[in-house]
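Q: In case you want the letters, here they are:
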Amino acid sequence: SQQGEEDPQALSIQEGENATMNCSYKTSINNLQWYRQNSGRGLVHLILIRSNEREKHSGRLRVTLDTSKKSSSLLITASRAADTASYFCATENSNSGYALNFGKGTSLLVTP
Amino acid sequence: GAVVSQHPSRVICKSGTSVKIECRSLDFQATTMFWYRQFPKQSLMLMATSNEGSKATYEQGVEKDKFLINHASLTLSTLTVTSAHPEDSSFYICSARSAGLVTEAFFGQGTRLTVV
Chain A
1 SQQGEEDPQA LSIQEGENAT MNCSYKTSIN NLQWYRQNSG RGLVHLILIR SNEREKHSGR
61 LRVTLDTSKK SSSLLITASR AADTASYFCA TENSNSGYAL NFGKGTSLLV TP
Chain B
1001 GAVVSQHPSR VICKSGTSVK IECRSLDFQA TTMFWYRQFP KQSLMLMATS NEGSKATYEQ
1061 GVEKDKFLIN HASLTLSTLT VTSAHPEDSS FYICSARSAG LVTEAFFGQG TRLTVV
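If you read the sequences in order, they're chains A and B. Residue 112, in our numbering, is where the first sequence stops; the numbers in between run on with no holes. Residue 1116, in our numbering, is where the second sequence stops; the numbers in between run on with no holes.
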C-alpha cells in the first residue's frame, strides 16, 4: 500500500534554481527515506532521516522531517540538468518485513 | 554501497509463456528480498516479501500462483511470471536488505516486461 503523498507531482525548473519536494505519510515511522529514479531505471538511495532527527544534509540535498505533521521535504539546491528524475519518499512497513511504502513521487525536470 | 543485480533488464514474451526474473545480491547476504511492480508514471507497489528458505508473503491482490517467488539462497531470489498476459506488462524491481532493522534497501536495475 502507498504510504506517502508527494507534492508537487511534477516540477519544472531551470538549472541553478532550487527544487523543493514535499512528502506526507500516515503512520508512525522509525525513519523516512528519499530515493531517486531515472526514467526506466532502478532506485538510488539518497538520504535517510530518523524519526528523532529534524534536518539532515548530504551535499546539495537537505531533508527535513516534521513528525508532528507527518511530513518531510527534500530540497535540492543549485539544481543541474542531471538532477532530472523522479523522486520518491518511502517509509518502512513493519508488517511486511520492513518493505518500503513509497509515495507517488515527484517528477523533476531541470532545463539548461 | 551494496550491489543488487537484476536480470534481464528487458524481456519481451508471448502471451501464455512464463518469464523468470533474477535478483542477486552481489556483495552481501540478503536475508530479505522484496519484489515491486511499477506502472508507467506511477509509484512502486510492493508485490511480495521473501525470506531465504521460506515461502514468500504476498500483498493483498497479488496472485501467488501467477507470480512465483523463490528465495533459495541468501544471494538469489527469482520472480517467475507464469502464463503471462499483456496486462502483466510492467516494470518489476527487486530490492534486498541484510539483517538489521534500520538499513537502506538496495535496489536492482529493474526489468521491463512486455507481453505481446
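Because the hints were derived from the structure by calculation, they are not lab data. Only a predicted model underlies this, so the values are computations on that prediction, with no experimental measurement involved. Each hint should be verified, as a subset may be incorrect.
[Said to hold, decoys possible] Straight-line C-alpha distance at most 20 Å; calculated EDC-like pairs for lysine to aspartate or glutamate: (1) Lys-1041(B) to Glu-17(A); (2) Lys-104(A) to Asp-1065(B); (3) Lys-70(A) to Asp-83(A); (4) Lys-1041(B) to Asp-7(A); (5) Lys-26(A) to Asp-1088(B).
[Said to hold, decoys possible] Some chain A residues judged to face chain B by a derived CB distance under 7 Å, without partners named: (6) Ser-96; (7) Gly-97; (8) Lys-104.
[Unchecked claim] Here are the in silico distance ranges between beta carbons for each label pair: (9) Ser-28(A) to Thr-1017(B): 43 to 53 Å; (10) Gln-1060(B) to Asn-30(A): 16 to 26 Å; (11) Thr-77(A) to Phe-1039(B): 27 to 37 Å; (12) Pro-1086(B) to Arg-54(A): 41 to 51 Å; (13) Phe-1039(B) to Asn-30(A): 23 to 33 Å; (14) Thr-67(A) to Lys-1014(B): 27 to 37 Å; (15) Gln-1042(B) to Val-44(A): 13 to 23 Å; (16) Thr-77(A) to Ser-1098(B): 30 to 40 Å; (17) Thr-1017(B) to Glu-53(A): 24 to 34 Å; (18) Thr-20(A) to Thr-1082(B): 21 to 31 Å.
Built from N, CA and C at the ideal position, the CB exists for glycine as well.
Q: Now, for every hint given, state plainly whether the structure supports it.
A: Consistency of the hints with the structure:
This hinted pair does not check out: Lys-1041(B) and Glu-17(A) have alpha carbons roughly 24 Å apart, beyond 20 Å. With a CA separation close to 28 Å, the supplied pair Lys-104(A) and Asp-1065(B) exceeds the 20 Å bound. Distance hint between Lys-70(A) and Asp-83(A) is unfulfilled; the C-alpha atoms sit about 26 Å from each other, more than 20 Å. Distance check on the hinted pair: Lys-1041(B) and Asp-7(A) sit about 14 Å apart at the alpha-carbon level, within 20 Å; holds.
Under the criterion of a C-alpha separation no larger than 20 Å, the hint pairing Lys-26(A) with Asp-1088(B) is inconsistent with the structure, at around 29 Å. Given the 7 Å rule on beta carbons, the hint for Ser-96(A) holds: about 5 Å separates it from the nearest Cβ of chain B. The restraint placing Gly-97(A) at the interface with chain B holds, with a minimum CB-CB distance near 4 Å, inside the 7 Å limit. A least Cβ separation of about 5 Å between Lys-104(A) and chain B falls short of the 7 Å threshold, and the interface hint therefore holds.
Look at Ser-28(A) against Thr-1017(B): about 44 Å separates their beta carbons, and that is inside 43 to 53 Å. The given range of 16 to 26 Å is respected by Gln-1060(B) and Asn-30(A), whose C-beta atoms sit roughly 23 Å from each other. A hinted range of 27 to 37 Å for the beta carbons of Thr-77(A) and Phe-1039(B) is consistent with their spacing of about 32 Å. For the pair Pro-1086(B) and Arg-54(A), the supplied restraint of 41 to 51 Å holds, since their beta-carbon distance comes to about 47 Å.
Against the hinted window of 23 to 33 Å, the Cβ-Cβ separation of Phe-1039(B) and Asn-30(A) comes to about 28 Å, which satisfies the hint. The supplied range of 27 to 37 Å is broken by Thr-67(A) and Lys-1014(B), whose beta-carbon atoms lie about 50 Å from each other. Range check, Gln-1042(B) to Val-44(A): about 18 Å between beta-carbon atoms, so the 13 to 23 Å window is met. Between Thr-77(A) and Ser-1098(B) the C-beta distance comes to about 32 Å, which sits within the given range of 30 to 40 Å.
Taking 24 to 34 Å as the suggested C-beta distance range, the pair Thr-1017(B) and Glu-53(A) does not conform, at roughly 48 Å. Our hint of 21 to 31 Å for Thr-20(A) and Thr-1082(B) is violated, since their Cβ atoms are close to 44 Å apart.
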